[in-house]
Every structure is written in C-alpha cells, then in structure tokens.
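All chains should be built: construct the whole structure from the sequences, respecting the hints.
Chains as they are written, first to last, in my numbering: chain A, 1 to 314; chain B, 315 to 597.
Worth double-checking, as some hints may not be accurate.
What the hints assert, rightly or not - Here are the simulated lysine to any residue pairs, SDA-like style, with alpha carbons at most 25 Å apart:
1. B:Lys565 x A:Ser113
2. B:Lys448 x B:Gly538
3. B:Lys413 x A:Asp281
4. B:Lys357 x A:Ser113
5. A:Lys287 x B:Val405
6. B:Lys340 x B:Asn403
7. B:Lys317 x A:Tyr36
8. A:Lys287 x B:Gln323
9. B:Lys317 x A:Lys215
10. B:Lys317 x A:Tyr102
11. A:Lys86 x B:Asp391
12. A:Lys215 x B:Thr548
13. B:Lys387 x A:Tyr67
14. A:Lys287 x B:Lys565
15. A:Lys287 x B:Ile358
As the list claims (entries may be wrong) - Per the computed footprint, the stretches of chain A lying under chain B, defined by three or more beta-carbons under 8 Å from a beta-carbon of chain B, are:
16. 40 to 49
17. 56 to 67
18. 117 to 130
19. 234 to 243
20. 273 to 286
Said to hold, decoys possible - In silico contact screen, one side only, chain B against chain A (beta carbon under 8 Å); selected entries:
21. Lys317
22. Lys357
23. Ile358
24. Tyr377
25. Gly554
26. Gly566
These aren't lab readings, by the way, just hints derived from the structure by calculation.
Ideal Cβ positions, reconstructed from N, Cα and C, are used throughout, including at glycine.
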Amino acid sequence: MINNQKKNATMADLSVKIHNLHLANPVMTASGTFGYGREFDDFINVDQLGGIIVKATTSKHREGNSYPRMAETPMGMLNAVGLQNKGISYFVNEIYPKLTGYTTNVIANVSDSTVEGYVQVAEEMNKLDKIAGIELNISCPNVKEGGMAFGTSCPSAMAVTKAVREVYDKTLIVKLSPNVTNIVEIALAVEEAGADSVSLINTLLGMAIDAEKRKPVLSTITGGLSGPAVKPIALRMVWQVAKAVKIPVIGLGGISNATDAIEFILAGASAIQVGTANFVDPAVTIKIIKGIDDYMQRHNISTIEELRGALVIG
Amino acid sequence: MKKYIADFQVLDNIKLNAKHHVLELKCTQPLPDIVPGQFVEVKIDGSETTYLRRPFSIHRVNYHNNTMHLLVKVVGDGTRTLSEVNKGNLVNMLFPLGKGFNLTEGKKVLLIGGGCGVAPLYFLAEQLHQKGNKVTILIGGRTSDDILMADDYKAFGEVFIATEDGSLGEKGMVTGHSIIKGQQELQSDYSGYPDSLVAQFDMIYCCGPDGMMRAVAHIAQQAGIPCEVSLENTMACGIGACLCCVVESVKGNVCVCTEGPVFNSQELKGWTTETETGCSLDQ
Numbered sequence: 001m002i003n004n005q006k007k008n009a010t011m012a013d014l015s016v017k018i019h020n021l022h023l024a025n026p027v028m029t030a031s032g033t034f035g036y037g038r039e040f041d042d043f044i045n046v047d048q049l050g051g052i053i054v055k056a057t058t059s060k061h062r063e064g065n066s067y068p069r070m071a072e073t074p075m076g077m078l079n080a081v082g083l084q085n086k087g088i089s090y091f092v093n094e095i096y097p098k099l100t101g102y103t104t105n106v107i108a109n110v111s112d113s114t115v116e117g118y119v120q121v122a123e124e125m126n127k128l129d130k131i132a133g134i135e136l137n138i139s140c141p142n143v144k145e146g147g148m149a150f151g152t153s154c155p156s157a158m159a160v161t162k163a164v165r166e167v168y169d170k171t172l173i174v175k176l177s178p179n180v181t182n183i184v185e186i187a188l189a190v191e192e193a194g195a196d197s198v199s200l201i202n203t204l205l206g207m208a209i210d211a212e213k214r215k216p217v218l219s220t221i222t223g224g225l226s227g228p229a230v231k232p233i234a235l236r237m238v239w240q241v242a243k244a245v246k247i248p249v250i251g252l253g254g255i256s257n258a259t260d261a262i263e264f265i266l267a268g269a270s271a272i273q274v275g276t277a278n279f280v281d282p283a284v285t286i287k288i289i290k291g292i293d294d295y296m297q298r299h300n301i302s303t304i305e306e307l308r309g310a311l312v313i314g
Numbered sequence: 315m316k317k318y319i320a321d322f323q324v325l326d327n328i329k330l331n332a333k334h335h336v337l338e339l340k341c342t343q344p345l346p347d348i349v350p351g352q353f354v355e356v357k358i359d360g361s362e363t364t365y366l367r368r369p370f371s372i373h374r375v376n377y378h379n380n381t382m383h384l385l386v387k388v389v390g391d392g393t394r395t396l397s398e399v400n401k402g403n404l405v406n407m408l409f410p411l412g413k414g415f416n417l418t419e420g421k422k423v424l425l426i427g428g429g430c431g432v433a434p435l436y437f438l439a440e441q442l443h444q445k446g447n448k449v450t451i452l453i454g455g456r457t458s459d460d461i462l463m464a465d466d467y468k469a470f471g472e473v474f475i476a477t478e479d480g481s482l483g484e485k486g487m488v489t490g491h492s493i494i495k496g497q498q499e500l501q502s503d504y505s506g507y508p509d510s511l512v513a514q515f516d517m518i519y520c521c522g523p524d525g526m527m528r529a530v531a532h533i534a535q536q537a538g539i540p541c542e543v544s545l546e547n548t549m550a551c552g553i554g555a556c557l558c559c560v561v562e563s564v565k566g567n568v569c570v571c572t573e574g575p576v577f578n579s580q581e582l583k584g585w586t587t588e589t590e591t592g593c594s595l596d597q
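Here it is in structure tokens:
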C-alpha cells in the first residue's frame, strides 16, 4: 500500500463536511456497488476513502430478483438485483461487527417496502455507534413495492423522510430517484422533512432486449441503468438540485475518474460517490482521490469548498 | 484467498481455429497459489461496446514461468478484441477469483468438458493426475472444430470424444458416450445409468453448457457419484460486490463469483431433479 502519511503531507486539503460527517476527502462508494467494503480490502485501503455506503438493508431478509439480473449496455449496465440482503437483525449481529474495524465513515443504506419498515431499520441503525449516518433509499427501481415508489412523489418522499427523522439522530441522507418529472421538487420536499443531505442519482429505469430470442434480458424486464452512460443526466440533476437546496448534495452517476468527480463538485456537489466504476477497476476510488489532489494542486486550489459550485457560466 | 489486480504481458496468442484462441500471459508479479476452477476478470481495452470486465476460467498455470493460459472463444466484440491482442501487449486482470474444484486423491475421476467448457479442465486434470488420481477425460462438441487440444490431455489420462455430428469420436452427446452408459440404450430417465460404466468413477467434474452440466449432474446423482460443476453466469464485478451473477442454491441466492463458480451439483436448487433427455451444445 502507498505510504499514507508521506502521501498526505503533499496533498491539498480534500476534507469536506456533510452535516456532522467529517470526510477526509469527498470520495465515497455508492451503495450496492461496494458490498460491505470487505470485498475490496484486497485491492485498496478502504480507510483512505471519505466514506463507504454499504449495501442496502431492509427490515426483513430479501432474496432479491431471479437471475439474470444484469445486462451490459454501451458504457454502462442495467441491474435488477432487487435489494438482496439478509435483513436488519443479520446486519446488526453478523455484518456490523466486521465493519467496526474501519476508521473511515461507514454509512448504511436503508430501504424497505413500508414506512414502518424504514423506521424499524433506522431505529436499529441509530443504536450502532460505528454507523455514522444512513442513506435513505427511496429510489430503487428494482423492487415491486416501496423503493422508488416512495421517491417519485413529494408527499410520500416527505412522509418516509419525516418518519425516519423522528427516530434517527445522526446524519440522514436521502437518495433520490432520477425517474421523476422534477427532481428539484423531491429534493426540496425531503429537505423540508428533515433530511441533512441528499444524494443523487440512483439508477435510471431502462430495459434490454435479446433480439434473437425476442425476450427481455433481465428477469424483471426493466432494470436500473448506471455507469458512464448516465453521467450527463446525473450532472444536470446535481446542478439543478444544488442550486435549490441549502443542505449538502452528494453527487453520483457514472463517475469513473477524477475529472468526472470534479465536474460534479463544480456543479455543486459537496461530495461524490463512485458506483459502477468499482466493478471495472476495484482500485478506481483511490485513483480518483489522487486525481482530485493533482487537479487542485495544478489549479492552486487549497480546499474542496473553493471548487464546490464554482462552475463559471457566461 | 487473497485477490490481486495486475497487468499480464502477452507472451503468445495461439489461434486454434476460427473461433478459439489460447493466450499465454506472464504476470508482472509472482503468481499466488491458484486452484483449478478459479477464474480471472479481464479488462478489455479497445472495444467500444465492452464496458465491464470479462470472466475466463484459468486454463493452465505454469508457476515456473510465472504464466497463465486462457482459452478464449470469440462470441462478441469483447472476446474478439481480446483474441486480437499481440505479443507484448498488457492485459489487466483480477485474479484468482472464486472457489475452484475440490481435488480428490487416489481416486478414479471423470472430467467432462463441453466445447469451450474444457477451459478449466486442463489445469484440473494436471493437478488431479499429480495427486495420484486415475483421470479419465471426456470431451464433447457439436463438431470436430469444437474439440480443442484433446491430445494435450493425454498426458494426464485416457481421453474420449463425442461430437454431435460424429466428425470426431463417438457420434452423439457426452451423456450418451459409451464410457458413461456402456453398450446399453440411453433411457430417457437415465434409469440404466446406475448399473452402467459411469458407476466405476468416484467423482465427476464437469464444465460446459448449462444443459450438458444438468444432464451430467443428473446421471451422477442416479449413479450415486459426487459431481462438481462450474457455472458461467453473467457477471459484473467478479468479487461478490454487485450480486448480479447469483444462482439459486439450497442456501438461497448466492454469488457464482464468490461461492462458485464450482458447485457440488447437490447444492444447486433444481439441478438434481431435472429430467432432460440429453443436452445440446446449442443450449
């Protein structure tokens, strides 16, 4: 591994703050693309990241959708995993103890099919010291009920955020769906309901067809599109939302290198998440941190805050 | 087992026929221990339609030369691009991934490969031979063009061949080969198999098309022989992060990339109760 201290001595100040979370740098990993962190321990020092957002947890065990769950697309992929996880009790008893060794911020992604379920998971997560915050997933397109259904209307997005806010004391991030007419309205609704931050975008609803077989590729017919293909849409939405809300915005959607990450910060993101790119290069996050540092030194920028929203228009 | 990410230098790219290539790759760092049946995820540069890495079984390992061989079948743009690499090119890989075959010692073992599914069987045959097993290899394909490097396996045991068109070895599918069924007529429910020649083996290892592996697993079950199969579900990450490559097991949905790709057929839901009457490499 790279000599951490020696490295940091020459680095610009990459630290950022998301509500009460202090991140050493703005680079986090997107839920569902980084497992529980341990899957990447062989490739990187996970503690060098600003934070990790672990795989979604629901109130009960979920088997997820049937295979096939994945279709590669030009510069991206569709997935239809469907929130496979063993439920909150298993998380608390079996997974959480394996996460406590990390010094970086560990954030839990929380999903469910009912408001009560979200509240139940959030209450349990609230008791776990090492879980620095939760990301409320109201935007998963791959589950029949709940998930995205909560994130596509202002009243339901507000209702679930409010209910969780009442039981959750630490940093509450709400992950937004791009599958809406106006993402700004949803962002404003969850801000009003008590969210400390919003992250966007989750995957875009898409579809793949096998022309030879005349059949859909995915078992669920439709799935969530991610990867570089969605980046321009994500960037536009982050820019729109960052202008409208007062809470920090976490940008994600197709980020594959440091330039992509900087574009999101220029559009107004306080931090970013790397998702699908982890599948192509499990060490990409560390390269992105280094690349952001290089950019800042090259442009004589000393803090991320100087870069945030520094897009020059006109 | 620790996983690595490293560049491999292409030492050779041997074209076997129009569709199949063998890449000889030298690792830029010392190779770790590798188990037959484990796989690599190859990053493919220069193909516009290939975004994700591609999984390949590890075909051969030479620790002395620090090299690994991959058997590549051209099926799309990604594999075509990979089949066109030149000597000296660098190929980035994640390795060694997944759980390989369980290696028996001093037993009579049957290895069955279909088409490109022979890929992991060379390394497997070599290791089983070294462990004092009596190795028999049965290779199937649609035509003689699909029978790859069959002579190479002779160093480790007896080799039998079945082709659907009869252009090489016995005509028909591997499940109908006389090494398995003897001279009896193939029964649609495999009821003849318990008394057939297949029962002489202590263990069956199989890699090939899904239908072939299910049929072999069923025969093995009928004959009361343990059978390990290697699956090739579509993958994104290869390291258990994305949960895309799942197979339904007796424990629920599990990742083929970390819990497999090799499974005992009894672990797979629905695999040992199938009643196919055979299999086709078109499946």
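- prompt: Do three or more residues from the segment 234 to 243 of chain A put their C-beta atoms closer than 8 Å to C-beta atoms of chain B?
  reply: violated (count 0)
- prompt: Do the alpha carbons of Lys413 (chain B) and Asp281 (chain A) lie within 25 Å of each other, as the hint requires?
  reply: 21 Å, holds
query: Is the Cα-Cα distance between Lys565 (chain B) and Ser113 (chain A) 25 Å or less?
result: 24 Å, holds
Hinted pair Lys287 (chain A) and Ile358 (chain B), Cα distance within 25 Å: 19 Å, holds
Restraint status (C-alpha distance of Lys287 (chain A) to Lys565 (chain B) at most 25 Å): 37 Å, violated
query: Once the shortest beta carbon distance from Tyr377 (chain B) to chain A is found, is it less than 8 Å?
result: 20 Å, violated
query: For the hint on Lys317 (chain B), does the least C-beta distance to chain A fall short of 8 Å?
result: 4 Å, holds
message: The hint names Gly554 (chain B) as touching chain A; please verify it with the least Cβ-Cβ distance against 8 Å.
response: Cβ of Gly554 (chain B) sits 5 Å from chain A, so the hint holds.
25 Å Cα cutoff - pair Lys340 (chain B), Asn403 (chain B): 11 Å, holds
- prompt: For the hint on Lys357 (chain B), does the least C-beta distance to chain A fall short of 8 Å?
  reply: Result: holds, 7 Å to nearest chain A Cβ.
task: Please work out if Lys86 (chain A) and Asp391 (chain B) have their alpha carbons no farther apart than 25 Å.
output: 37 Å, violated
- request: Please work out if Lys215 (chain A) and Thr548 (chain B) have their alpha carbons no farther apart than 25 Å.
  value: 16 Å, holds
Checked against the numbered hints above, the structure violates hints 4, 9, 11, 14, 18, 19, 23, 24; every other hint is satisfied.
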